[in-house]
Amino acid sequence: MASSKKPLSNKVKASASKKTKQLLLLNEVDKAFVSLNQSHKKIKSMTVALSGGVDSVVLLHLLHSLQKKHRFSLNAIHVHHGLSKNADKWVKFCEKLCRDLSVPLDVNYVKLPQKKSLGIEAEARQLRYEKLLQSKSDLIVLAHHADDQAETFLLQLIRGAGVKGLSSMAHFDDARKLWRPLLNTSRSDIENYTKQHKLKWIEDESNQNIDFDRNFIRSKVLPILKNRFNHIIKVISRSSSHLAEAQNLLDDLAKLDLKSYLKSIKYKHILQVKYLNKLSLIRAKNVLRYWLEMNDQLMPSKDLLDELLKQVLHAKKDAALKIELSKDHEIRRYKDEIYLVKKNQQTNKNYEIVWNGEAEILLPNGTKLKFKKVKGRGISFEKMKNKKLMISNRKGGEFFKPDSKRPTKKIKQILQESDLPPWERQSFPLIFISEKLASVPNLGVDIKFQTKLKEVGLEIILQDPQ
283 MASSKKPLSN KVKASASKKT KQLLLLNEVD KAFVSLNQSH KKIKSMTVAL SGGVDSVVLL
343 HLLHSLQKKH RFSLNAIHVH HGLSKNADKW VKFCEKLCRD LSVPLDVNYV KLPQKKSLGI
403 EAEARQLRYE KLLQSKSDLI VLAHHADDQA ETFLLQLIRG AGVKGLSSMA HFDDARKLWR
463 PLLNTSRSDI ENYTKQHKLK WIEDESNQNI DFDRNFIRSK VLPILKNRFN HIIKVISRSS
523 SHLAEAQNLL DDLAKLDLKS YLKSIKYKHI LQVKYLNKLS LIRAKNVLRY WLEMNDQLMP
583 SKDLLDELLK QVLHAKKDAA LKIELSKDHE IRRYKDEIYL VKKNQQTNKN YEIVWNGEAE
643 ILLPNGTKLK FKKVKGRGIS FEKMKNKKLM ISNRKGGEFF KPDSKRPTKK IKQILQESDL
703 PPWERQSFPL IFISEKLASV PNLGVDIKFQ TKLKEVGLEI ILQDPQ
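Numbering (this note's numbering), first residue to last: 283 to 748.
There may be inaccurate statements among the hints.
Stated by the list, open to error - Derived pair list, reagent style PhoX-like, types lysine-lysine, alpha-carbon separation capped at 20 Å: (1) Lys537 with Lys567; (2) Lys556 with Lys617; (3) Lys734 with Lys687; (4) Lys734 with Lys657.
Stated by the list, open to error - Ranges between beta-carbon positions, derived for each pair: (5) Asp388 with Asp455: 13 to 23 Å; (6) Asp388 with Gln593: 37 to 47 Å; (7) Gly726 with Asn466: 52 to 62 Å.
Bear in mind the hints are in silico, worked out from the structure with no lab data behind them. The beta carbon of each residue, even a glycine, is placed where N, CA and C say it ideally should be.
Could you put together the complete structure from these sequences and hints?
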């Protein structure tokens with residue numbers, strides 16, 4: 283007897299396939315979260331970077347669907363750049379979306395600098411990440427997907443990026459607590475999810491502007507590649523993964539090398555040159571690159587990195603080497619060490635600060651003084667009684683005697699003997715009591731103000747800005 287069941291129409295099959303994909307997407311994010319939760323400490327809170335666009339709306343919906351099951355707190359953050367005339371409308375959209383889902387939203391207003399040395403896109407991205415990274419959540423969750431990864435790969439390829447640049451975005455960035463659960467998900471699957479769940483989102487009109495390189499790749503280049511090579515997105519993703527593994531090996535090698543060449547973890551901004559000379563140029567460059575990265579510096583161009591390495595390795599010990607790295611930092615060499623120096627550390631402006639009992643004071647040169655009551659050392663409180671404690675940079679001609687058995691010395695001589703780099707000496711803080719030099723932080727207390735064995739004294743420690 284013939285079966286009475288009617289074959290499923292193509293329309294019904296397509297609908298069933300879409301529902302299956304939506305469940306798969308939720309399951310994939312669920313599995314990724316469980317795996318991440320097991321490999322790291324238990325995740326109790328997450329913050330979604332919510333632009334209001336289709337990707338971040340889907341991400342918020344997915345995590346909201348999993349929130350009850352995994353019992354984590356969920357927040358969202360929206361960054362208002364003010365670049366679009368519709369920016370205020372986007373804020374209202376995000377506020378309504380989060381209100382409907384009972385998800386707390388933090389809206390941050392930022393202003394791009396007038397001089398955009400990195401370009402509009404890069405400056406906006408940098409400001410956005412600065413705000414995101416201020417989150418106290420266990421994880422900051424980003425909605426980057428497989429098509430974004432392909433766009434980033436092609437952008438970096440066009441710019442001549444190396445292994446690190448071509449490895450593109452990581453699923454999980456442990457150092458910055460960033461998680462990208464949709465990185466293996468295509469843009470089409472995300473759009474299908476919105477249809478299935480009848481989600482609304484906003485469109486950023488700037489995405490249609492092909493004057494921006496990323497938009498040009500998205501709308502003009504990738505469609506041609508997809509039409510010719512069906513699996514191009516997956517292939518690029520696989521290549522990025524291979525390159526990420528290669529970069530991890532390079533980073534591991536740099537870490538091994540830095541155990542010998544870094545002055546110490548405490549002074550991670552100081553690199554010892556004499557050891558770099560023992561490495562091949564390629565390996566020395568890898569160390570230099572990793573050292574800049576661990577100090578949160580944007581990677582310089584290949585030409586600048588090559589020139590930096592050349593000058594660092596071949597400059598004479600007494601050479602006044604100074605190389606501008608960015609608008610905020612420069613590289614300097616002193617004796618056998620190179621320093622990453624903030625430009626505001628080199629100020630020669632005089633300063634005078636009265637201590638009013640604070641636990642710490644930030645100085646104009648970026649360093650910090652910490653004050654602590656201790657027994658048997660430091661500046662005697664008895665000798666400070668009813669007197670003003672003043673912090674000032676050296677003016678010249680100061681004398682200091684921390685040891686009764688040794689002669690009085692000029693501060694200039696003491697700072698030279700301490701191996702303090704020349705650019706830090708002028709702004710180095712000195713402690714005066716009633717206009718008399720009482721202490722040189724980290725180097726000692728003058729015998730006239732020293733604490734007796736059982737007395738309570740004031741210990742003043744100078745902390746490096748790095």
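Now for the hints, and whether the structure bears them out:
no.: 1; hint: Lys537 with Lys567; in the structure: holds (13 Å)
no.: 2; hint: Lys556 with Lys617; in the structure: holds (10 Å)
no.: 3; hint: Lys734 with Lys687; in the structure: holds (17 Å)
no.: 4; hint: Lys734 with Lys657; in the structure: holds (9 Å)
no.: 5; hint: Asp388 with Asp455: 13 to 23 Å; in the structure: holds (20 Å)
no.: 6; hint: Asp388 with Gln593: 37 to 47 Å; in the structure: holds (45 Å)
no.: 7; hint: Gly726 with Asn466: 52 to 62 Å; in the structure: holds (60 Å)
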